[in-house]
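**Student:** Respectively, the protein sequence lines represent chains A and B.
All residue numbers for the first sequence refer to my numbering, where the first residue is 1 and numbers rise by one.
All residue numbers for the second sequence refer to my numbering, where the first residue is 1 and numbers rise by one.
Honestly, the hints are just simulated from the structure, not real lab data.
All values reported here derive from a predicted model rather than from experimental measurement.
Think of the CB as a built atom: it goes at the ideal place given N, C-alpha and C, for glycine as much as any other residue.
Mixed in with the good hints, there may be bad ones.
Quick list of the computed label-pair ranges, beta carbon to beta carbon [claimed, not checked]:
1. 99/A <-> 567/B: 28 to 34 Å
2. 233/B <-> 4/A: 56 to 62 Å
3. 4/A <-> 613/B: 46 to 52 Å
4. 99/A <-> 531/B: 35 to 41 Å
5. 89/A <-> 471/B: 55 to 61 Å
6. 324/B <-> 44/A: 33 to 39 Å
Below are the DSS-like pairs computed for lysine-lysine, each with C-alpha atoms no more than 30 Å apart in a straight line [stated by the list, open to error]:
7. 571/B <-> 241/B
8. 350/B <-> 89/A
9. 89/A <-> 241/B
10. 473/B <-> 226/B
11. 226/B <-> 241/B
12. 89/A <-> 473/B
13. 350/B <-> 571/B
14. 504/B <-> 259/B
15. 259/B <-> 226/B
16. 89/A <-> 226/B
17. 241/B <-> 473/B
18. 259/B <-> 571/B
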Amino acid sequence: MTSRPDGNFDVDANEQIQITIVKSLPNCAAALGLSGATLSCQPSQFPVCKQCSFTAPATPSSAVTLTMSLDFQSDEQGNFADGDMYIIKFAGGPGSNVRPIHVEPPPALGLFFVFFVH
Amino acid sequence: MCPSMHSKLKMLGRLLAGLTLTCVAGIPPLHADSCITLNPTTAATRITVGQDEAGVTVRIAGAANVSGDISSYTVSSDAGGVVWTAALAADTTVSTSRNGGVVKVCQTVGPASTATQSPTVPAVHPTTQTSPADAAKAATSAPSAPARGHDKEAPQTKSGEGGGPTKPAAVSSGQDQAGAPAETAVTCAPAQPQAPSGVPPTSDQTTLSDPERVFTLGVEKALTAKDPSTGVPFPEEDRLKDARRRLQDLAPFILCLAKPTIPRRLLSDAEEKRIDQQVSTTQPTTGTSVASKGSVPWLFGFAAEAGALTQSSSNNVLTFNGTPANVVKALKAKNYLASYTVGDKTPLVKWLFTPLSFSVSFNVAQSSSSNSSTTQAMSMARSMAATPASTTTAGANGTLAGYTIRYSIWNHRDARAPRYQTLWNNFVDANAPAMLDAIRALGTFLTLDPRFGEKFHEWQVDNQNAISNPDMKPEQVTQLFLQRVAALRKVIGSDATAQELLDKAAVSIANYSEARNNILTSISNSTAVAFEYTDTQQSNLLGSPVTVTNSNPAVKNPIPNLSTFNFVVAKGSVGATQFTANASTTIYNSIPAGTHIGRVQSYRAAVQADIPLPEITNVGMPIFTFSGLFMSLLNQPLGQTVVVNDVPISFTGNIWLFQSKFSLKVKNSGVKIPVALTYTNRTELNKESDVRGSIGVTYNLESLFANSK
């Protein structure tokens with residue numbers, strides 16, 4: 001898996017992709033949605049909010065689309081905590097090198113990623 | 001068109017904000033190949049340009065000079081400012097350019113490409129003519145008019161790019177003098193938060209439901225992000241990459257481009273409207289509050305109040321309150337949110353220290369008039385002459401008026417509490433999938449549909465190249481967002497399928513956000529129960545010198561202090577109204593010698609309803625409070641017969657009062673200013689009915705800590 005200039009990813013056919021979402025402060029509120037492949041998630045415990053994986057399709061030129069919502073809790077005044085952030089880690093097969101993404105408040109409710117199969 | 005008005009405007013070539021002009025005639029078509037130039041005369045002026053099938057709409061909020069070919073425009077006004085409207089003739093395209101704050105709107109006959117190659121910028125008023133370069137830019141036409149134009153202006157490509165995908169310039173601080181990207185951007189319509197029925201939008205609802213605001217905050221946070229484990233800023237390149245990732249969040253773009261009829265709730269927090277916290281004094285006879293509320297500030301609060309409730313004094317009381325355990329926890333954790341969990345696993349901290357809070361009240365000034373000293377001296381003299389023994393006392397400035405210790409028996413109104421993790425998880429599981437599906441459906445359509453794939457890819461690439469300066473100012477980030485919204489609008493064009501998917505996604509985001517708000521509201525509306533003990537230094541609270549009489553010359557009785565035991569129950573309700581009930585009894589701390597009174601001074605019952613009203617824009621949230629109190633005064637209010645300003649006080653019996661109070665919770669500050677009007681059938685020290693006003697200011701220091709970066 002490699003990053004593309006458009007913010008999406010190129011993946012190999014049948015490549016196993018892992019997505020791990022970690023949060024710096026308690027109360028996870030992350031969600032994932034996938035189409036084009038089957039998302040499989042394991043139970044996780046803070047600070048890991050989500051630990052999921054999918055296998056890229058075998059068909060070249062196909063694509064998998066992923067949406068992600070990362071919500072944050074605010075305090076009584078509606079302010080978000082300093083230092084609160086999600087860290088999204090994408091991992092693929094051997095040779096993949098994708099930098100983790102840090103997402104700070106306010107919530108990002110519609111992060112959209114495409115995995116293009118080659 | 002209104003001819004007289006038109007000629008006047010043309011002659012003056014100037015328009016001031018707030019001018020009420022209304023033209024009721026039909027909208028004339030724009031002249032071909034002409035421009036108008038709008039030059040703001042104040043920094044606060046906002047000019048937006050919209051276009052739809054009917055024509056072009058230029059909205060000016062603020063003051064601006066308008067010049068050029070204005071003959072085709074009609075002028076009207078609404079709450080948002082002055083509106084210039086012109087119909088669009090067939091085969092005419094409209095382009096908009098901005099140079100600093102100056103906006104130029106041109107219409108050109110023929111397709112966009114023709115206009116680009118042959119810029120023609122006639123101006124009726126040569127003095128407003130821009131440079132040739134600007135003219136060329138201004139004449140660069142937009143793509144064909146989009147089907148909708150409720151709040152958007154025609155997207156503008158840069159000169160020389162024809163009608164191809166927009167190429168956003170990497171935004172840097174030196175891009176132009178005004179800090180705005182050279183490319184024209186649309187103005188995303190202000191979000192209209194759709195609060196649950198009866199719930200007024202809060203400050204943060206107003207703020208965070210605005211896609212521009214959310215995007216700007218997100219990018220700004222990313223550009224200044226620190227490693228949470230070390231507190232050291234991330235490397236610059238990482239911060240830039242994370243900021244660019246923020247452009248992969250489609251939610252703000254979707255809401256900005258959705259139909260105006262769709263609720264644009266992006267985020268909403270029920271927190272700012274919290275009105276359940278007791279900051280003012282809990283002394284039973286003073287202050288502006290009839291009932292103690294269910295919660296106290298998590299850290300500190302401060303109140304200054306003038307006026308009393310059931311006594312005839314009108315002294316000023318300063319109250320400082322706080323929760324000591326939370327102060328220690330906050331200092332230890334060095335982080336406001338993290339501090340919430342410190343000590344949670346230690347029973348002593350969890351069950352004893354954390355629920356405990358305190359308040360201390362001081363008498364800071366006595367009521368006085370210009371001749372008060374004379375009056376008081378005469379009063380004392382008469383009292384002493386008339387009685388065999390007397391002691392005169394009055395609260396001095398700065399004396400302790402009393403203190404309160406409060407134990408929160410039941411209070412789970414803070415959404416940050418770990419106990420709500422499951423609730424939060426369930427909320428996300430129930431509400432996020434539909435939203436993610438809808439957003440993904442749109443993204444997938446734009447990615448994979450051959451009509452959009454390439455253009456959407458270009459848009460995404462441009463997004464990733466759009467941020468190159470880690471020192472971008474918020475206004476630059478906002479401008480960038482609007483620029484990218486304009487570019488996405490161009491990608492989508494007037495395609496019905498794409499628009500339908502976009503609108504569905506917007507609805508799903510609004511639904512998610514509303515459910516989120518409901519969760520927060522339900523948390524803040526849960527029942528809170530507290531018990532408080534209040535010690536009242538009666539003599540220090542009295543605003544006038546008090547002379548205590550006693551038949552035994554050898555006995556000098558001070559006025560006994562009081563202890564009040566108060567049971568507080570609070571519950572939120574529909575419309576964010578908070579109901580509070582108090583039941584209390586007050587006893588004398590000592591029985592004056594030579595008197596035959598019982599230990600119990602009084603019983604009280606109080607009810608209060610705090611009703612938040614719709615927010616006043618840029619000011620804050622007003623709260624209207626109704627409250628009532630019944631007090632059964634079993635013994636003399638001051639424990640013995642006293643003389644206050646020549647009047648002997650020895651009344652017992654029932655007292656009831658009704659209070660209406662208006663409080664303004666100042667936006668984003670923690671400050672609340674209460675002004676109360678109280679009617680009572682009598683006071684403790686006077687048998688006559690009484691109407692009195694009281695005013696105060698309270699400050700919840702919690703917001704200060706929460707806002708710390």
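**Student:** Decide, hint by hint, whether the structure agrees.
**Tutor:** Going down the list of hints, with the structure as the test:
1. At about 57 Å, the beta-carbon gap between residue 99/A and residue 567/B misses the expected band of 28 to 34 Å.
2. Taking the beta carbon of each, residue 233/B and residue 4/A are about 27 Å apart, not inside 56 to 62 Å as hinted.
3. Look at residue 4/A against residue 613/B: about 51 Å separates their beta carbons, and that is inside 46 to 52 Å.
4. Against the hinted window of 35 to 41 Å, the Cβ-Cβ separation of residue 99/A and residue 531/B comes to about 54 Å, which falls outside the hint.
5. At about 28 Å, the beta-carbon gap between residue 89/A and residue 471/B misses the expected band of 55 to 61 Å.
6. About 36 Å separates the C-beta atoms of residue 324/B and residue 44/A, a value consistent with the hinted range of 33 to 39 Å.
7. Taking the CA atoms of residue 571/B and residue 241/B, the gap is near 46 Å; set against the 30 Å cutoff, the hint is violated.
8. About 36 Å separates the Cα atoms of residue 350/B and residue 89/A, which puts this hinted pair outside 30 Å; it is violated.
9. For the given pair, residue 89/A sits about 14 Å from residue 241/B by alpha-carbon distance, which is consistent with the 30 Å threshold.
10. Between the alpha carbons of residue 473/B and residue 226/B the distance comes to roughly 18 Å, so the proposed pair stays at or under 30 Å and holds.
11. At roughly 14 Å between alpha-carbon atoms, residue 226/B and residue 241/B fall within 30 Å of each other, so this suggested pair holds.
12. For the suggested pair residue 89/A and residue 473/B, the alpha carbons sit about 29 Å apart, so the restraint of at most 30 Å is met.
13. With a C-alpha separation of about 23 Å, the suggested pair residue 350/B and residue 571/B falls inside the 30 Å cut-off, and the hint holds.
14. About 10 Å separates the Cα atoms of residue 504/B and residue 259/B, which keeps this hinted pair within 30 Å; it holds.
15. Distance check on the hinted pair: residue 259/B and residue 226/B sit about 38 Å apart at the alpha-carbon level, beyond 30 Å; violated.
16. Taking the CA atoms of residue 89/A and residue 226/B, the gap is near 18 Å; set against the 30 Å cutoff, the hint holds.
17. Using a Cα cut-off of 30 Å, the hinted pair residue 241/B and residue 473/B holds, with the two alpha carbons roughly 17 Å apart.
18. A threshold of 30 Å between alpha carbons decides the hint, and for residue 259/B with residue 571/B the separation of about 38 Å lies outside it, so the pair is violated.
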